[in-house]
Amino acid sequence: MEFVSPEGLRLDGRRPMEMRQLRAELGAVSRADGSAVFEMGNTKVIAAVYGPREVQNRSQQINDKALIKCEYTMANFSTGDRMRKPKGDRRSTEISLVIRQTMEACIMTHLMPRSQIDIFVQVLQADGGTRSACINAATLALADAGIPMCDLVTSCSAGYLNNTPLLDLNYVEDSAGGPDVTVGILPKLDKVTLLQMDAKLPMDTFENVMQLATEGCKAVANYIREVLMENTKQLENRRGV
Amino acid sequence: MDAWCKPKKPRTAARHPKRGWRLRRSIETRQNASAGQINGYGALCRHKPIVTLGGTSCMMIRKCLADEQAHVPLKDTEDDSTREMVNVGENRARNGVTDYPESRNEESGFLPPARYAPTHRLAWGDAPDAARLHEIDLKLKMRIKVEDSNIDTKMRGMNLSLNHTQKIRLQRALESLESISSGANSNASVAVADSIPVNQEDGVLKGHGTTELEGEVVATVCGIIERVNKLVYVRTLRARYKPEVGDIIVGRVATKRWRLEINFSQDAVLMLSSMNLPDGIQRRRTAVDELNMRSIFEENDVICAEVRDFMRDGSLQLQARSQKYGKLERGQMLTVSPYLVKRRKQHFHYLEKFGTDLILGCNGFIWVGEHVEIKDKMIEDEPTKTDPENNKSPMSTTLEEQEQTYTPLETRQNICRIANAIRVLSTLGFSITIDVILEIVDLCTEKGLDIHQMLGAEFCVLVAEKEAKRRTATRRNR
Chain A
1 MEFVSPEGLR LDGRRPMEMR QLRAELGAVS RADGSAVFEM GNTKVIAAVY
51 GPREVQNRSQ QINDKALIKC EYTMANFSTG DRMRKPKGDR RSTEISLVIR
101 QTMEACIMTH LMPRSQIDIF VQVLQADGGT RSACINAATL ALADAGIPMC
151 DLVTSCSAGY LNNTPLLDLN YVEDSAGGPD VTVGILPKLD KVTLLQMDAK
201 LPMDTFENVM QLATEGCKAV ANYIREVLME NTKQLENRRG V
Chain B
1 MDAWCKPKKP RTAARHPKRG WRLRRSIETR QNASAGQING YGALCRHKPI
51 VTLGGTSCMM IRKCLADEQA HVPLKDTEDD STREMVNVGE NRARNGVTDY
101 PESRNEESGF LPPARYAPTH RLAWGDAPDA ARLHEIDLKL KMRIKVEDSN
151 IDTKMRGMNL SLNHTQKIRL QRALESLESI SSGANSNASV AVADSIPVNQ
201 EDGVLKGHGT TELEGEVVAT VCGIIERVNK LVYVRTLRAR YKPEVGDIIV
251 GRVATKRWRL EINFSQDAVL MLSSMNLPDG IQRRRTAVDE LNMRSIFEEN
301 DVICAEVRDF MRDGSLQLQA RSQKYGKLER GQMLTVSPYL VKRRKQHFHY
351 LEKFGTDLIL GCNGFIWVGE HVEIKDKMIE DEPTKTDPEN NKSPMSTTLE
401 EQEQTYTPLE TRQNICRIAN AIRVLSTLGF SITIDVILEI VDLCTEKGLD
451 IHQMLGAEFC VLVAEKEAKR RTATRRNR
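For the protein sequence lines, the chains are A and B, in the order given. Following my numbering, the numbering of the first sequence begins with 1 at its first residue and continues without gaps. Following my numbering, the numbering of the second sequence begins with 1 at its first residue and continues without gaps.
Excised from the complex, chain A in its bound form:
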């Protein structure tokens, strides 16, 4: 199948180096300490953060840092076929773990000893790149909850189809069977916290694809920063003296 037309356009009309439209909104869940909706094109994810709060299971309490828990779910209606088995499958357990580890890398857990932070992420619409969208949404929600982080984590995926590196794959490109590299970075520290790939790629191509994904992460970081800044200003202005 032709994923990049001779004119250099992808199936959905993007260029190979083009991202989908980003949209973010803070405060989507009123009862949560922090929450966000994050959209990358048609992928839509909602995240809610509770905490830092008292540890629910005493035996899990850590005495010098916060306990972080993460739960990833896909809404039954998020995919084309209505999903039958909603919870506890291998894929969501794995992604929960991935998100938890990525977030743990940036949260300053030692500042909140003997407490627990819960991150709940749910996919509302799945159109490829749910993993990246979840991480971005979780970052926003954590920042909204006022939890200290050493840096924002942002994530983006890239692939390699028809001899072209493609940024931010959508569902059709994702299910084409080519390599899909998901990268999560700390943009300020310039470090990689997440790197996943399920296929093989030659070394030099991989470098190109990875760098493309990193550039994507940086673009996401810029957008997220802008949203957070705007939100902070708005809260402060409304509060008044």
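Where hints are given, some of them may not hold.
[Claimed, not checked] In silico PhoX-like links for lysine-lysine, alpha-carbon gap of 25 Å or less:
1) B:Lys242 / B:Lys353
2) A:Lys69 / A:Lys191
3) A:Lys65 / B:Lys242
4) A:Lys218 / A:Lys188
5) A:Lys69 / B:Lys242
6) B:Lys256 / A:Lys65
7) B:Lys256 / B:Lys230
8) A:Lys218 / A:Lys191
9) B:Lys256 / A:Lys69
10) B:Lys324 / B:Lys353
11) B:Lys242 / B:Lys327
12) B:Lys206 / A:Lys65
13) B:Lys466 / B:Lys447
14) B:Lys324 / A:Lys188
[What the hints assert, rightly or not] On the chain B side, residues computed to face chain A include the following (Cβ under 10 Å):
15) Val192
16) Ala193
17) Thr211
18) Leu213
19) Thr220
20) Gly223
21) Ala239
22) Arg259
23) Asn263
24) Lys466
25) Glu467
26) Arg471
[As the list claims (entries may be wrong)] To be clear about the criterion: a stretch of chain B counts as covered by chain A if any three or more of its residues have a C-beta under 8 Å from a C-beta of chain A, and this derived list gives those stretches:
27) 265-276
28) 307-317
FYI, nobody ran anything at the bench for these hints, they're computed from the structure. In this text, all values refer to a predicted model and were calculated from it rather than measured experimentally. Quick reminder that beta carbons are idealized off the backbone N, C-alpha and C, glycines included.
Given chain A, work out where chain B should sit, using these hints.
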């Protein structure tokens, strides 16, 4: 084709796009039934910035559009109409129409999304020249601006269905609020991982919400930069409560352990020895008291107390050493964000006009309840506590006791009115002080609104307008 990435035969290549389309369509028609009807053009509009590039690429686009037309059931792909639709889109953006229909209506053909903004295109491979990048940058900024005006009318935690005039009024009020306060500290806000400008020569003390990275002071939370002499810290807005010794707080007894939930990262401890037990005498904790815990406080009871000190492990100790502290009954507890409540001299308020008590807890828990006479209660408590056997039997509810548990309707209404005023303030994100609350309750009675109408859209707009007026007035006085 590279051998590594030879795509597998797509299993359902023909079906996927269609499925995707069907999903999108159903969601969008629900969301956006009223948006402008530009079916068939949405997919074209995404080429907008490319069209501006120049002759050759323009030709290319036309060619590719023609190609698409071969298998995409677009309604009309003539060049003129395309251009026209692009213009419409631009005008919308310029006029600040917030719907962004051209980005939502993409139910044209089988082609997936027109949501893909060209704005995040990266300089990779075919390096775009600086002018084009600048143009893209400008477009990005414009888009963000347009979306902001959309956010403005969105409230946390309340889904208001504002009609058009209300939306405009609310927006105007909020804008005027913004213009009032933006003069004070316009560039003091930071997001996570922004570096804070400091004068390194003077020496800097890094406070809360900051960290050091490569010689720079970097924020770890979103908030406002505050400077006190050498100390630099970031004051967070929406975060959990940070206790300070002497704060007056309202808490709720946790269901699992004998501790108080106070919106802090851990539950707080209120020792029996550090409170006045209900019979009025101070005494040391005894085994009997411990066993009869539930007769003093039950799970989910609301308690008012004062922060005494921190224990070595960072947990919190409370005390309730005066008659004004203790269990709160006959009222409502409200939860707001703690940044909306400022530390004041007075946190207990007796509103004589309404016959209610109001406790603004520093931790964002607010109590509105029927007024309790402290001394009277003491005297009444004495005899009832002396013969507990009498009390326990269900038949022995005396007339006096009934009077004690009965709250008149008017007081109950007043409690609800004040509570709703606080709710409105918290959804609008205005700081909550006793003056503002009373003003809003007055506004409600002045307009003759019912209690339930206070949570409606119209009252919300009224409150925003009132607050804007109040702040401009206080500013002029200064």
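Enumerated hints in conflict with the structure, sorted upward: As far as the earlier hints go, 1, 7, 14 and 24 are violated by this structure, in ascending order.
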